[in-house]
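Mapping of the sequence shown onto UniProt numbering: residues 1 to 493, in sequence order.
Because the hints were derived from the structure by calculation, they are not lab data. It is possible that part of the hints are untrue.
Calculated lysine to any residue pairs in the SDA-like style (CA-CA distance at most 20 angstroms, straight line) [to be verified]:
{"no.": "1", "residue 1": "Lys88", "residue 2": "Pro209"}
{"no.": "2", "residue 1": "Lys147", "residue 2": "Gly183"}
{"no.": "3", "residue 1": "Lys281", "residue 2": "Gln322"}
{"no.": "4", "residue 1": "Lys22", "residue 2": "Arg45"}
{"no.": "5", "residue 1": "Lys320", "residue 2": "Gly262"}
{"no.": "6", "residue 1": "Lys16", "residue 2": "Arg45"}
{"no.": "7", "residue 1": "Lys147", "residue 2": "Thr116"}
{"no.": "8", "residue 1": "Lys22", "residue 2": "Arg51"}
{"no.": "9", "residue 1": "Lys22", "residue 2": "Thr71"}
{"no.": "10", "residue 1": "Lys147", "residue 2": "Val132"}
{"no.": "11", "residue 1": "Lys147", "residue 2": "Ala168"}
{"no.": "12", "residue 1": "Lys88", "residue 2": "Gly183"}
{"no.": "13", "residue 1": "Lys281", "residue 2": "Ala344"}
{"no.": "14", "residue 1": "Lys355", "residue 2": "His371"}
{"no.": "15", "residue 1": "Lys281", "residue 2": "Ala323"}
{"no.": "16", "residue 1": "Lys369", "residue 2": "Ala340"}
The structure presented is a predicted model; accordingly, all values stated were derived computationally and were not measured.
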Amino acid sequence: MHIDQWLRDDLDAPRKQRHTAKRVFDRLCNEHDAADARVTYSMVRAYVTTRRPQIGVEEGRAAAEVFIPQTHQPGAEAEVDFGDVTVKLAGQLTVLTLFSFRMSYSGKAVHRIFATAGQEAFLEGHVHALTVLGGVPTVHVRYDNLKAAVAQVLGFSRQRNETDRWVAFRSHYTLEAFYCQPGITGAHEKGGVEGDIGRFRRNHLVPVPEVATLAELNRLVDEADQADDDRRITGRVRTVGELFAAERPLLRPLPVEVFETGRWFTQRVDRYSQVTVRTNKYSVPTRFIGRRVRILLRASELSVFDEQSLIATHERLAGKAQARLELDHYLEAFVRKPGALPGATALEQARAAGKFTPVHDAWWAAVCKAHGDAEGTRALIAVLLLHRHMQHEHIVAGLAAALRVGALTADAVALEARIIADAEQVPGQRSPEAADRNRPDPHTTAIPTPAITSLTERRMRTALPADDRPLPNVAKYDDLLPSHRRARRPPTV
Numbered sequence: 001m002h003i004d005q006w007l008r009d010d011l012d013a014p015r016k017q018r019h020t021a022k023r024v025f026d027r028l029c030n031e032h033d034a035a036d037a038r039v040t041y042s043m044v045r046a047y048v049t050t051r052r053p054q055i056g057v058e059e060g061r062a063a064a065e066v067f068i069p070q071t072h073q074p075g076a077e078a079e080v081d082f083g084d085v086t087v088k089l090a091g092q093l094t095v096l097t098l099f100s101f102r103m104s105y106s107g108k109a110v111h112r113i114f115a116t117a118g119q120e121a122f123l124e125g126h127v128h129a130l131t132v133l134g135g136v137p138t139v140h141v142r143y144d145n146l147k148a149a150v151a152q153v154l155g156f157s158r159q160r161n162e163t164d165r166w167v168a169f170r171s172h173y174t175l176e177a178f179y180c181q182p183g184i185t186g187a188h189e190k191g192g193v194e195g196d197i198g199r200f201r202r203n204h205l206v207p208v209p210e211v212a213t214l215a216e217l218n219r220l221v222d223e224a225d226q227a228d229d230d231r232r233i234t235g236r237v238r239t240v241g242e243l244f245a246a247e248r249p250l251l252r253p254l255p256v257e258v259f260e261t262g263r264w265f266t267q268r269v270d271r272y273s274q275v276t277v278r279t280n281k282y283s284v285p286t287r288f289i290g291r292r293v294r295i296l297l298r299a300s301e302l303s304v305f306d307e308q309s310l311i312a313t314h315e316r317l318a319g320k321a322q323a324r325l326e327l328d329h330y331l332e333a334f335v336r337k338p339g340a341l342p343g344a345t346a347l348e349q350a351r352a353a354g355k356f357t358p359v360h361d362a363w364w365a366a367v368c369k370a371h372g373d374a375e376g377t378r379a380l381i382a383v384l385l386l387h388r389h390m391q392h393e394h395i396v397a398g399l400a401a402a403l404r405v406g407a408l409t410a411d412a413v414a415l416e417a418r419i420i421a422d423a424e425q426v427p428g429q430r431s432p433e434a435a436d437r438n439r440p441d442p443h444t445t446a447i448p449t450p451a452i453t454s455l456t457e458r459r460m461r462t463a464l465p466a467d468d469r470p471l472p473n474v475a476k477y478d479d480l481l482p483s484h485r486r487a488r489r490p491p492t493v
């Protein structure tokens, strides 16, 4: 057959000048009138894909791929790798990184999802996995040439120049690293973890998970890991959990102290009350503007310190050139500039996160209508300050009750919030389940029975006439001022 002969000729042709399926189809059409015989390109492509490797084997020029079974000793070896996963995080499709640490003997795997595949995630994934496993493999762990661990590949050997922090980490945990060859050959050397990442994605991340935070997502991952203990790998009688139970006592014990995986930075707080870390901006309280602060960047969170005091904590951003702003950090500034609050980015982020609810908006609109925008906004800020020492759901319930009776002061909101909080704490008065049932949904304006009496609402309900009495006049008191000043004048000599 013509195609087979062309493919055999390709064995001696330069690699970049061999027949493609498209070229085979064109020659069939031009030289053998294949188009008239109703031969399609898809038919030719399928044939070439199947026959090319077969011809190589027939001619002794290519060996058929063979998979060799491997035997691993309990507690001796493990494999590590990263993979991409897509998650709907806070309402947006986001590509994140799945870390997998798989024991070779039992198939027990520990997973963690991070915003990036940086060194912080690499080290933190190890700490989490080794803690869950309860020990360190006694022989080695297989890796490909990740930048988090390898600074330079030395020729065609397995020798590597490792990064300083990775060397320190391995020394801390007495962990031996085995580096696979670059390319597809290296992927076969740690095929267990390569397959595990695909299996985990298909079984536990389909359909695409929808979560609010990375912490919530990783709780789901932990549950999936526990469920996988009951599965059986093909060809094995015992489950993964049963095999790991026999393997765990053989692991090397963990060190007493935990390795700090975060990286420290020093930054000056800018005039927007933000610090910049790797192109992303994070807010801090406005009183620290202009000061130099220390920042601890971990794989999933960022902490800001003023000397030894923790002043801000944020979930780490996954993208670049983004900002994470906490509304609470700007409240003191909004007291001086209330007009800046309605359009503030921090307010929009608080709404998106569910921290600033429709109940907040409804109470804000009512108080602004009654007292004007500036004073109404200041009253709202006073309510937001209550969140620093009272629970969020109690404040929302207090806002709802105060709005129902027209009590448009922060003190009224605080009173109602404390009543609800005290009712939940008094034994026998209301069970936690009943409290949850009676607590208003933050995304609605359902209001519990109010404990505040509004004189205005009472007058409207009972159809009392409007109070048209004139305001009291205190002008007569001004007559007392001259005599008061004469009485205090010192006598003349």
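Checking each numbered hint in turn, tell me which of them this model violates, lowest number first. 9, 10, 12, 14
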